[in-house]
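Participant: One letter stands for each residue in the lines below.
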Amino acid sequence: MKHRTFFWFILPTLSAMILFIALPIVSVFIQSLFVQHEQVLVVSESCGPFGCVEETQVDTEATAKLREEQPLGQFNGLATYFDRSHLASAEIAEVWRTSTGLSSFIDGIMDLKFYKALVFTLTYTFVVTPLVLVFGLAVAVGVNNLPKAFRGVAIFISLLPFLVATIVGSMILSWMVDGEGIIGATLQNIFNDPSLSIKASTPLMWIMLMVYGVWHTLPFAFITFYAGLQTVPQDTLEAARVDGANKWQTMISVVVPHLMPLVSFVTLMLLMDNFRVFEPLVSFQAEAHAQSLSTFIVSDLREAGNPLYASASATSMLTILGVVILLTPVLIRTWRDFTAKAH
Amino acid sequence: MATKAESRLTTLKVVSYALVIIWLIIAAFPFLWTVWGSFKVQGDFFSKADWTNAIYGILTTRETGGAFTLNGYYGAWIQEEFWRNVFNTLVIVFFTVCISLTFGTLGGYALARSGFRYAFWVLMAALAFRAMPHITLVSGYMLPFFEWNIWGLKATTVIVLVAINQPFTLWMLHSFFLNIPKDMDESAMVDGCTRFQAFWNVIVPVMWPGVITTGLFSFLLAYNDYAVTSMLLSKPNETMVPAVASFLGSVQVQGNIMFAVAAVVSATAPLFVLILFFQRQIVSGLTAGAVKG
Chain G
222 MKHRTFFWFI LPTLSAMILF IALPIVSVFI QSLFVQHEQV LVVSESCGPF GCVEETQVDT
282 EATAKLREEQ PLGQFNGLAT YFDRSHLASA EIAEVWRTST GLSSFIDGIM DLKFYKALVF
342 TLTYTFVVTP LVLVFGLAVA VGVNNLPKAF RGVAIFISLL PFLVATIVGS MILSWMVDGE
402 GIIGATLQNI FNDPSLSIKA STPLMWIMLM VYGVWHTLPF AFITFYAGLQ TVPQDTLEAA
462 RVDGANKWQT MISVVVPHLM PLVSFVTLML LMDNFRVFEP LVSFQAEAHA QSLSTFIVSD
522 LREAGNPLYA SASATSMLTI LGVVILLTPV LIRTWRDFTA KAH
Chain L
24 MATKAESRLT TLKVVSYALV IIWLIIAAFP FLWTVWGSFK VQGDFFSKAD WTNAIYGILT
84 TRETGGAFTL NGYYGAWIQE EFWRNVFNTL VIVFFTVCIS LTFGTLGGYA LARSGFRYAF
144 WVLMAALAFR AMPHITLVSG YMLPFFEWNI WGLKATTVIV LVAINQPFTL WMLHSFFLNI
204 PKDMDESAMV DGCTRFQAFW NVIVPVMWPG VITTGLFSFL LAYNDYAVTS MLLSKPNETM
264 VPAVASFLGS VQVQGNIMFA VAAVVSATAP LFVLILFFQR QIVSGLTAGA VKG
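Protein sequences, first through last, are from chains G and L.
When we follow our numbering, the leftmost residue of the first sequence carries the number 222, and every step to the right adds one.
When we follow our numbering, the leftmost residue of the second sequence carries the number 24, and every step to the right adds one.
Calculated from the structure, these hints are not laboratory results.
Honestly, I wouldn't trust all of these hints.
Pairs of lysine to any residue, SDA-like flavour, derived with a Cα cap of 25 Å [said to hold, decoys possible]:
1. L:K71 - G:S422
2. G:K223 - L:F118
3. L:K36 - G:N365
4. G:K420 - L:L55
5. L:K177 - L:F118
6. L:K71 - G:K369
7. L:K71 - G:M222
8. G:K369 - L:V37
9. L:K71 - L:G89
10. G:K223 - L:L146
11. G:K223 - L:L55
12. G:K420 - L:V229
13. L:K205 - G:M222
14. G:K369 - L:A41
15. G:K468 - L:V38
16. L:K71 - G:I404
17. G:K223 - L:L82
18. L:K205 - G:I473
19. G:K223 - L:V229
20. G:K369 - L:D214
21. L:K71 - L:L82
22. L:K36 - G:N410
23. L:K36 - G:I473
24. L:K177 - G:P528
25. L:K36 - G:A448
26. L:K36 - G:K334
27. G:K223 - L:L297
28. G:K334 - G:I473
29. L:K177 - G:R523
30. G:K223 - L:P228
31. G:K468 - L:A41
32. G:K223 - L:L124
33. G:K369 - G:D456
34. G:K468 - L:I44
35. L:K258 - G:M222
36. G:K286 - G:G272
37. G:K420 - G:Y336
38. G:K223 - L:C216
39. L:K36 - G:R523
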């Protein structure tokens, strides 16, 4: 294909991606370097019978004008990144000095908003991803063992939790585990503790969110592995059986190695999606117990009447940095594969 | 023909059956429960005292005279005007899917037919874009959109969804076009077609299976999106999913949680039908990138 033809074919999609994905990232970066103007203050002296008093007033008109002229605000450099609600370098140093041991250091860090969100996001990502891989493979093998007639139904049912909107799926579960809902009430009966409620307990809320995460993404791993199982070479299976391998040994030494490329693909997708966990926290109304990096950004943007663009942007840039770090190993591998193929 | 050894029930087999059955119950039960419960009153849906109330609808019979009630649906669709959100969803989803597919087919075709190295870089960039958390992009849109006064419009959201959708669409269609033999369009070009004519007359007629599969995923993305639609649409333009989420706050306060339940079921029902009819395409689409690449 000629360069010129290629250009015209790729133009619409490329311009859409540049305008609405690449430029917004630049815009986020620029916004993160500015802070909103402080209010313009005027000091006036009013003299009365008891002497003169200096009064400080907010000049609303001038403030509005200034904000109108420079919507970005004033240049702040990287200060937003290191302030109290982000990397909090000063606070960390303070905690480091005053903490008496590891646990008090961790407690001190968990008081900082950004680290709290980061810890939740990472915990969620690194708990849900392996669980989904393992259970997804187990279910795929199970469905593959089913008689052919039942497989379609099993796949149909399995697709539901994955394809339903995250917010809707998590809402359905949140009603069921509510103190009055079927699962919540049953658990209260089993443990004989009427005050048991996920809305009241941080550990329970974290567990629930991760259970939801597994429920929601397991079908994706399952379907991919199931498709992979259809392509396992029968000869190798036969050979393993002839050599006296039992089912379990065949599984470990033939099937799993055959699925390895799929495992890295699914891992990549799961890492990307789990790292931006957002909707379940909205549906479970978890803000009191768990914040992820995404909900942290939204809460800044929703700040009534006065969105904290700078703060949201700084968190966004840090989130993107996190994604990059997370994906680097996978991208390096893809690059190696590509260059290996080219030679 | 199953041999004797294969048809025998081994422990391993029992365990794997049990696992599948447990998973299927976990996957299906929440939906069945909620669909059934959406026809009850709140006292039955959240029946702490006796869970069988939710099945037989004791309180529903007492309050409304029948074991099933449409009060939740009436409240959501008429009283809370959920039909407006349904209409907005239809408009936004329709345009998003159409534009995504048009852009994606052109781009995907070019990437599949170009042997140059920059095609690889475009695909890599698309992968990196795919990894960007949507909410970070949204925080980049907010300020400029407010400045230009285009915040809240349906058209803005459509174009944003199209763009966010592109990396995925591009990858998927690219791998579909790789499977269409190069000889087809090249022989058309030997016969004197331009590249676009070859694309239009030879490739377009045979690309529909791939386009339909990709279209299904574009549909799902636009239909299910929350991060973009909840931040970029004004109240009257809201689609179903953010509307359901905002029900959660507003109706819970008024004790009308059944409105939200009914709305959730209404928003989920079309997906049931979709999976029923397009299961094969969805499965092939989910695995297209993985099994072949």
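Participant: Sort out which numbered hints this structure fails and list those numbers smallest first.
Facilitator: 2, 6, 7, 11, 12, 17, 18, 20, 22, 26, 27, 28, 35, 36, 39
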